[in-house]
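Chemist: Here is what each chain is made of, one letter per residue.
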Amino acid sequence: MFFTSEIFIIFLAAVFVGYYTVFRRWQWQFLLAANFVFYALSDAGNLVYIAAAIVTTYFASRRMARLNAELESWAAANPGAAKAETRERRAAVKAKRRVWLVLCLIVNLSALAVVKYAGFAIATANGVRAAFGAEPFQMIDFVLPMGISFFTFQSLGYIIDAYRGKAAKGESFFRLAAFVSFFPQLIQGPISRYSDLSGTLFAPHAFSPEDFREGLFRALCGFFKKLVVADRLFAAIRALTADPAEYPGVYVLVAMIAYAVTLYCDFTGGIDIAIGVARALGVRVAENFNRPFYSVSIADYWRRWHITMGTWFRDYLFYPLSLSKPTQKLLKLTKKTFGPKLGMRVPVYISTAFVWFATGLWHGASWNFIAWGVANGLVIIISQELSPVFAVVTKRFGLGSRTWWTAFRVVRTFWLMSFLRSFDIYANVGATFRAYVSVFSGFGASVARLSAEGLAALGLYTADYVVVGVSVALMALGGHLIHARGFRVSNLPFAGRFALFAAVCLAIVVFGAYGFGYDANQFIYNRF
Amino acid sequence: MIVRRIAAWIAASALSVGAFLAIQNLLVPKYMSGIYEGALIGEYYAEPRGHDIVFIGDCEVYETVSPVTLWEEYGITSYIRGGPQQLIWHSYYLLKDALKYEKPRVAVFNILSMQYDEPQSEAYNRLNLDGMRLSPEKLEAASVGAMPGESALSYAFPILRFHDRWSELTDDDFTYYASRRHVSVNGYVMRADIKPVGRIPEGRKLADYSFGDKAMEYLDKMRELCEENGVELMLMKAPTIWPHWYDQWEEQTLAYAEKYGLIYVNLLADAEKAGIDFATDTYDAGLHTNVYGAEKCASYLGQIMRDSYGLPDRRGEPETAALWAGKTDYYNKLKSVQEKEFAETGKISTLVLGE
Chain C
1 MFFTSEIFII FLAAVFVGYY TVFRRWQWQF LLAANFVFYA LSDAGNLVYI
51 AAAIVTTYFA SRRMARLNAE LESWAAANPG AAKAETRERR AAVKAKRRVW
101 LVLCLIVNLS ALAVVKYAGF AIATANGVRA AFGAEPFQMI DFVLPMGISF
151 FTFQSLGYII DAYRGKAAKG ESFFRLAAFV SFFPQLIQGP ISRYSDLSGT
201 LFAPHAFSPE DFREGLFRAL CGFFKKLVVA DRLFAAIRAL TADPAEYPGV
251 YVLVAMIAYA VTLYCDFTGG IDIAIGVARA LGVRVAENFN RPFYSVSIAD
301 YWRRWHITMG TWFRDYLFYP LSLSKPTQKL LKLTKKTFGP KLGMRVPVYI
351 STAFVWFATG LWHGASWNFI AWGVANGLVI IISQELSPVF AVVTKRFGLG
401 SRTWWTAFRV VRTFWLMSFL RSFDIYANVG ATFRAYVSVF SGFGASVARL
451 SAEGLAALGL YTADYVVVGV SVALMALGGH LIHARGFRVS NLPFAGRFAL
501 FAAVCLAIVV FGAYGFGYDA NQFIYNRF
Chain E
1 MIVRRIAAWI AASALSVGAF LAIQNLLVPK YMSGIYEGAL IGEYYAEPRG
51 HDIVFIGDCE VYETVSPVTL WEEYGITSYI RGGPQQLIWH SYYLLKDALK
101 YEKPRVAVFN ILSMQYDEPQ SEAYNRLNLD GMRLSPEKLE AASVGAMPGE
151 SALSYAFPIL RFHDRWSELT DDDFTYYASR RHVSVNGYVM RADIKPVGRI
201 PEGRKLADYS FGDKAMEYLD KMRELCEENG VELMLMKAPT IWPHWYDQWE
251 EQTLAYAEKY GLIYVNLLAD AEKAGIDFAT DTYDAGLHTN VYGAEKCASY
301 LGQIMRDSYG LPDRRGEPET AALWAGKTDY YNKLKSVQEK EFAETGKIST
351 LVLGE
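As they're listed, the protein sequences go chains C and E. Note that the numbering used here gives residue 361 to position 361 of the first sequence, counting from 1, and the numbers run on in steps of one. Note that the numbering used here gives residue 264 to position 264 of the second sequence, counting from 1, and the numbers run on in steps of one.
Treat each hint with caution, since some may be false.
A short list of chain E residues far from chain C (calculated; beta carbon distances all over 12 Å) [unchecked claim]:
(1) Val3
(2) Leu15
(3) Val17
(4) Pro48
(5) Pro136
(6) Glu150
(7) Ser179
(8) Arg180
(9) Gly198
(10) Pro201
(11) Leu225
(12) Gln252
(13) Tyr264
(14) Gly310
(15) Gly326
(16) Lys333
Here are some of the chain C residues that sit facing chain E, going by a computed Cβ distance under 10 Å [stated by the list, open to error]:
(17) Tyr20
(18) Val93
(19) Gly469
(20) Phe511
(21) Gly512
Here are some chain C residues the structure puts well away from chain E; computed CB gaps all over 10 Å [unchecked claim]:
(22) Arg89
(23) Thr311
(24) Ala407
No lab work stands behind these hints, which were simulated from the structure alone. For clarity, every value in this text was computed on a predicted model and none was experimentally measured. By construction, the Cβ of each residue, glycine as well, lies at the ideal position given by its N, Cα and C atoms.
Construct the complete structure from the given sequences, taking the supplied hints into account.
Modeler: In structure tokens:
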């Protein structure tokens, strides 16, 4: 079920009515039922995967909780136990908990690996076998269960927190199920933590006109971004990137800008719908973006874009990896070999590279995403290495407080990210590099062609570009009003509020790219 | 306080809905030039009720029978709820819709669309259903005949389909914003030009000549609907050379008519008896009859209907006669204009008077 489908709107209306009609103490149970109805309506054949993630996570967390309880009982019954014995028992319990953690990780990651990466792995292996003249393996095509990357990560976050003793004690199976399957964020995030979401997810909510209004308006803005801008620009991006030889040079840059706008509107649009719907239900979901196009560096960008994914990888992969025994051993070795300064950085960079490789792989089973992830990691490491030079230059010329310098850094980051993002839109890594090369080799001729033909050949009319331009300007204005002026729709008088809602609804209905004759574009992040 | 708040909500909602409907009305196609056929279905609602006959079916039906001839020669009142490539489920729901407004003595279904068992095109779905008033029948018809990717909801709110016309609005959209003119005479679309039948193409061989299950299901439904409403169902095949009418289709139609005691008139087989001359009575080499052919068909069918169903001659009813006098006058004027145009230029461009 796409967020932009008619059935979703009907489903949502039914959920709102039901949620605020049932007894408040039953609201989250109602949501749990709604979550599974949502999943069943969207991808009934793959319900088993989300059910398995919930059951295995619950089972492992219960085993850990029982081990903890046994340890506490023993400690209570033996207050005078020797420290050594207590330490020994704790270590034994921790080892057992680790077994349950690893088992849970293996089961869930295996499911993810098989359905998401088996085809890619076999295709890669077949490529290698073909080079040696060997017979190819038979391809296995799995249909990717909806939202598997997201619900798997939420489950794993929960079980890792449970292992670390951070999860709430004695959570019920149904609460865990409601958390993992919470429908607004099920298919493209944000990737929530149990500790963040549970407070409002399980609390009883009286109908709050303000929450409902703010949530609904946020969701409407999401529909606007997705339907009016993102889906309109897809046609041009398809045309521009189908064959880099046909659209080289400046067209590659046009494709990069178009894709930056499209991806932003598509992904933040989906997240706005998710957060808005949740807010209308009284549930607060973590923000996933913080004006990423204002970033002054790649590291800054990744603190502002897909924030919940970034923090997930940081907390559940980067830190454990950096603090693991092998890395600590490596640290000692590199310090000894390269000296304390560089030696300190080498293991961090290795962890960084691994995390970005994993991030690329998480985004999709293709070399494009792996190359994208590795390239991101590489740019971050290089930036980190060059940061002392930048600091000296900035200080020497007093650039830190200059607006134009900040603007330059913002533009530079935008283009750098746009180049990296190109791996996502061209057919393969080779095509992406050919597109890069053409920016420098075929620029003049392509500019002449663009001047002569304009952008009309890309499947969009002038009116479409006007709509996109005006929409982007409105979004920028809206962003400014919200962040700089603290604008909230609830602060408007009744007439202004109503007019704003009606205007946004009408704009979506009239200017949206949807309906018969349009390709139904699912959200880009649904694929992940 | 609460009363004021409720009043504000009602006023704001009414304003919003009004704006929505106003914009929707601007954006939907008016079918007032170019593709006139899209306006045919909607015209029905502006007509006085009480027709003796309602015709339903595809383009053959709105080009084959002249309601004015039926009136002039027999005093029979009729209306054609035909549409381009109207499929049998469209016909069924259009008839069901018509039966909410009137109970004709006879419903005549042009049988050619029995060859289709699946939706054919979104454009033709639109031309046949956009003009229907919003009703359960309309939504059912949209749902049953939807092409992949088509949404029944967009028939209730056509702005969902035509929203992107904002960048291609024409003068028609403003001229006919509030009211639209009639493009037919009781559903009949006049053509007074002539293009004789030249070559008669062979029908290509089909893998299966049986009418499809869905087509048969809707024929049964149509018959049952007529029985429930006390309306006689008559089957008809227009006298057109192409698309090919296979013997196997004819046999199945005859068998069905015989089984249920329906009258079936094949005007293609009876062309000679009806006086149809394929050198002069078609405007597109045999695909459709022109006004001369339509008048002959009406004359032939009228006799059968009067004899078989005992339809009364209403020419003595003053109110009805006055109404039909106006229609006849318009019909004759349009015919004269088209005849003159065709004589002078070899083609016609005036399909509606007042262009």
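Chemist: State for each hint whether it applies.
Modeler: Verification of the supplied hints:
For E:Val3, the non-interface assignment is confirmed: its Cβ lies about 14 Å from the closest Cβ of chain C, beyond the 12 Å cut-off. Distance check on E:Leu15: its Cβ comes as close as 8 Å (rounded) to a Cβ of chain C, failing to clear the 12 Å threshold; non-interface status is violated. Here E:Val17 does not stay apart from chain C, with its beta-carbon only about 9 Å from theirs, under the 12 Å limit. Its beta-carbon lying about 35 Å from the closest one in chain C, E:Pro48 satisfies the requirement of being farther than 12 Å from that chain.
For E:Pro136, the non-interface assignment is confirmed: its Cβ lies about 18 Å from the closest Cβ of chain C, beyond the 12 Å cut-off. Remark: the non-interface label on E:Glu150 conflicts with the geometry, its nearest Cβ contact in chain C lying 5 Å away (cut-off 12 Å). Non-interface call for E:Ser179 relative to chain C: holds, since the shortest CB-CB distance, roughly 23 Å, exceeds 12 Å. Every CB of chain C lies more than 12 Å from the CB of E:Arg180, the least distance being 22 Å, so the non-interface label holds.
Annotated as non-interface, E:Gly198 keeps its C-beta farther than 12 Å from every C-beta of chain C; the closest such distance is 37 Å. For E:Pro201, the condition that its CB be more than 12 Å from all CB atoms of chain C holds, with the nearest at approximately 33 Å. Annotated as non-interface, E:Leu225 keeps its C-beta farther than 12 Å from every C-beta of chain C; the closest such distance is 29 Å. The non-interface label for E:Gln252 is consistent with chain C: the shortest C-beta to C-beta separation is roughly 34 Å, beyond 12 Å.
Distance check on E:Tyr264: its Cβ is at least 37 Å (rounded) from any Cβ of chain C, clearing the 12 Å threshold; non-interface status holds. Under the 12 Å C-beta cut-off, the non-interface status given to E:Gly310 relative to chain C holds; the minimum distance is some 47 Å. Listed as a non-interface residue, E:Gly326 keeps its Cβ farther than 12 Å from every Cβ of chain C; the least gap is roughly 39 Å. Distance check on E:Lys333: its Cβ is at least 39 Å (rounded) from any Cβ of chain C, clearing the 12 Å threshold; non-interface status holds.
The interface hint given for C:Tyr20 is violated, since its Cβ lies 17 Å from the closest Cβ of chain E, which is over the 10 Å cut-off. At a threshold of 10 Å, the smallest CB-CB gap from C:Val93 to chain E is about 58 Å, leaving the interface hint violated. Taking 10 Å as the C-beta contact cut-off toward chain E, the hint placing C:Gly469 at the interface is violated, the least distance being around 14 Å. A distance limit of 10 Å between C-beta atoms decides the matter here; for C:Phe511 the minimum to chain E is near 7 Å, and the interface restraint holds.
Hint status for C:Gly512 relative to chain E: holds, with the closest Cβ pair at about 7 Å, below 10 Å. The Cβ of C:Arg89 sits about 64 Å from the closest Cβ of chain E, beyond the 10 Å cut-off, so the non-interface label holds. At the 10 Å boundary, the C-beta of C:Thr311 stays outside the reach of chain E, the nearest C-beta of that chain being 39 Å off. Separation of C:Ala407 from chain E is adequate, the least Cβ-Cβ distance of about 35 Å exceeding the 10 Å criterion.
Taken one by one, the earlier hints fail for this structure at numbers 2, 3, 6, 17, 18 and 19, listed in ascending order.
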